[in-house]
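Enquirer: Taken in order, these protein sequences are the chains called A and B. Heads up, the first sequence is in my numbering, so the first residue is 47 and it goes up one at a time. Heads up, the second sequence is in my numbering, so the first residue is 3 and it goes up one at a time.
Since the hints were made in silico from the structure, they are not lab data. Any given hint might turn out to be false.
[Unchecked claim] SDA-like cross-link-like pairs, simulated, lysine to any residue; straight-line CA separation at most 25 angstroms:
(1) B/K26 <-> B/R49
(2) B/K32 <-> A/A94
(3) B/K22 <-> A/K137
(4) A/K137 <-> A/G346
(5) B/K32 <-> A/K137
(6) A/K319 <-> B/G28
(7) B/K59 <-> A/R293
(8) A/K331 <-> A/V268
(9) B/K25 <-> A/K331
(10) B/K22 <-> B/I69
(11) B/K22 <-> A/H368
(12) B/K22 <-> A/L79
(13) B/K22 <-> A/T113
(14) A/K348 <-> A/H368
[Said to hold, decoys possible] Restraint ranges, calculated between C-beta atoms of paired labels, are given here:
(15) A/T417 <-> B/T64: 47 to 57 angstroms
(16) B/Q74 <-> A/L77: 51 to 61 angstroms
(17) B/D63 <-> A/V268: 54 to 64 angstroms
(18) A/R189 <-> B/C55: 30 to 40 angstroms
Everything numeric in this text was worked out from a predicted model, so none of it was measured. Just so you know, even glycine gets a beta-carbon here, dropped at the ideal spot from N, CA and C.
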Amino acid sequence: MDDAEEMIYLDNAATSWPKPPEVLKAMTDVLELAGGNPGRSGHRLSVAAAREVYNAREDIASLFNVTDPLRVIFTASATHAINIALKGLLKSGDHVVTSSIEHNAVMRPLRGLEKQGVRISIVPCAADGSLDVRNVVSGMNSRTRLVAVTHASNVMGTILPVAEVASVAHKAGALLLVDTAQTAGTIPIDMPAMGIDFLAFTGHKELQGPPGIGGLVIGENVDVSQIEPVMYGGTGSNSESQEQPDRLPDKFESGTLNLVGIAGLHTGIQWVKDRGIDAIRAHLKELTLALINGLSELSGIKVYGPLDANTTVGVVSFGVNHKRVSEVGLKLDEEYGILCRVGLHCAPAAHKTMGSFPEGTVRLAPGVFTTMDDIGTTVRAIEQVIRS
Amino acid sequence: MTQYGVVLFFTNSSVMRCEKLLKKEGHQIKLIPTPREFSSDCGMALRFDWADCEQVKLILDTAHVEIDSIHQM
């Protein structure tokens with residue numbers, strides 16, 4: 047089963063595939079036609095590159111309903127963006143609240159900060175991943191500087207009530223960081239309306255861009271003077287000074303930007319906007335519902351999460367009685383050409399919360415190019431694997 | 003011979019923003035390497051017709067664009 051035509055790719059929560067052809071073209075075009083170092087040199091190729099970067103900033107700001115494009119910081123990944131916010135903001139003695147379904151992109155930097163004197167409270171989600179905002183309230187104290195949560199679980203797909211969390215965080219004088227790795231491009235996100243202060247996104251999932259590009263969007267109410275950069279270096283601005291500039295986005299964007307990634311991401315976002323996030327959401331809901339219904343009819347498996355396409359993104363996790371998830375994943379790939387991800391999905395906390403630690407689950411994550419036929423074929427294949 | 007003015011900025015992103023703003027208003031502008039006589043910055047600056055100076059200032063002011071300085075070349 048090595049023919050690409052025969053594959054069903056259900057690992058879009060890890061990275062979306064295939065990418066729209068326009069994205070690939072934009073990436074080669076930018077290197078050929080605008081391949082200068084953006085904003086460094088002032089010649090025509092440098093200016094062309096800087097224009098592409100700035101236009102991408104504008105479209106990203108508009109995607110999240112942010113007015114000032116200079117508050118869009120390009121990073122290598124959502125993880126990188128989360129590190130900038132967490133390590134830049136939290137100091138020894140500060141307290142931070144997070145949820146019990148976080149990805150290690152949030153958990154590991156927090157555990158690192160804990161060793162430097164930052165206090166952490168992990169507030170419990172229910173076994174289906176849902177979060178009662180009252181748990182956030184009781185987790186906070188007078189030293190709480192930040193609440194950091196995922197927008198949706200990368201294991202069960204459960205969507206967290208971000209706007210409610212923002213409201214209680216702000217009441218207590220804390221800021222809110224949201225990891226949108228699983229939601230940007232599939233759910234409309236309005237940063238000011240939802241009260242998000244720091245939004246970390248990745249380019250290579252449902253925004254249809256390539257790996258290696260992501261960003262941090264900093265809300266307009268956040269005073270950036272209180273955030274220390276994680277990385278220092280050249281910005282193409284203020285070059286006479288050996289001190290890091292304090293202006294956005296330069297303060298957090300040292301080093302040559304990933305122009306090719308930005309061009310790909312930019313075109314991916316335009317593609318998503320053209321298709322319409324609401325239409326994408328409707329398509330993924332239909333697929334997710336079919337997947338949940340199909341799997342729920344099979345005996346000998348346990349499907350995790352809320353089993354509700356309205357309160358999840360397109361991510362479904364299950365375990366099989368008396369079979370290792372690795373064996374199921376290998377069979378699906380080798381015998382049926384179905385590609386998915388098994389194990390802990392870099393989120394041990396989430397698996398502990400849902401009761402699937404340390405074995406993990408088989409995770410199916412349809413994407414924009416997945417069809418209802420793909421879902422039907424997948425459910426039948428899983429039925430056969432269970433019986434084998 | 004045209005007399006030029008040049009706007010210096012603190013970040014290159016501001017340069018790009020101003021370029022779009024001024025082009026939209028029909029101004030003849032060009033992005034150039036920052037003239038050494040005004041700054042040791044290695045980035046770029048925005049050149050405009052000096053005759054348009056007051057209009058350029060007004061547009062940048064109205065849009066609340068943060069600029070470093072404006073010079074006559």
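Enquirer: With reference to the structure, classify each hint as holding or not holding.
Expert: Each hint tested on the structure:
This hinted pair checks out: B/K26 and B/R49 have alpha carbons roughly 15 angstroms apart, not beyond 25 angstroms. Distance restraint check for B/K32 and A/A94: the Cα-Cα separation of roughly 12 angstroms lies within the 25 angstroms cut-off, and the hinted pair is therefore satisfied. A hinted pair counts as satisfied when its Cα atoms are at most 25 angstroms apart, and B/K22 with A/K137 does not qualify at roughly 39 angstroms. For the hint pairing A/K137 with A/G346, the CA-to-CA distance comes to about 48 angstroms; that exceeds 25 angstroms, so the pair is violated.
Between B/K32 and A/K137, the direct Cα distance comes to roughly 44 angstroms. Violation of the 25 angstroms bound is thereby established for this hinted pair. At roughly 29 angstroms between alpha-carbon atoms, A/K319 and B/G28 are farther apart than 25 angstroms, so this suggested pair is violated. Only pairs whose Cα atoms come within 25 angstroms are accepted, and B/K59 paired with A/R293 is accepted, the gap being roughly 21 angstroms. At most 25 angstroms may separate the alpha-carbon atoms for a hinted pair to count; A/K331 and A/V268 exceed this at roughly 34 angstroms.
With a C-alpha separation of about 43 angstroms, the suggested pair B/K25 and A/K331 falls outside the 25 angstroms cut-off, and the hint is violated. Taking the CA atoms of B/K22 and B/I69, the gap is near 15 angstroms; set against the 25 angstroms cutoff, the hint holds. With a C-alpha separation of about 62 angstroms, the suggested pairing of B/K22 with A/H368 is violated against the 25 angstroms cut-off. Restraint check for B/K22 and A/L79: satisfied, since their Cα atoms lie roughly 20 angstroms apart, inside the 25 angstroms limit.
Note on B/K22 and A/T113: the hinted pairing holds, with a Cα-Cα distance of about 15 angstroms set against a maximum of 25 angstroms. At roughly 11 angstroms between alpha-carbon atoms, A/K348 and A/H368 fall within 25 angstroms of each other, so this suggested pair holds. Distance hint check: the CB atoms of A/T417 and B/T64 are about 50 angstroms apart, consistent with the given range 47 to 57 angstroms. With their beta carbons about 38 angstroms apart, B/Q74 and A/L77 fall outside the hinted range of 51 to 61 angstroms.
At roughly 25 angstroms, the beta-carbon separation of B/D63 and A/V268 lies outside the given 54 to 64 angstroms, and the hint is violated. The supplied range of 30 to 40 angstroms is broken by A/R189 and B/C55, whose beta-carbon atoms lie about 52 angstroms from each other.
Checked against the numbered hints above, the structure violates hints 3, 4, 5, 6, 8, 9, 11, 16, 17 and 18; every other hint is satisfied.
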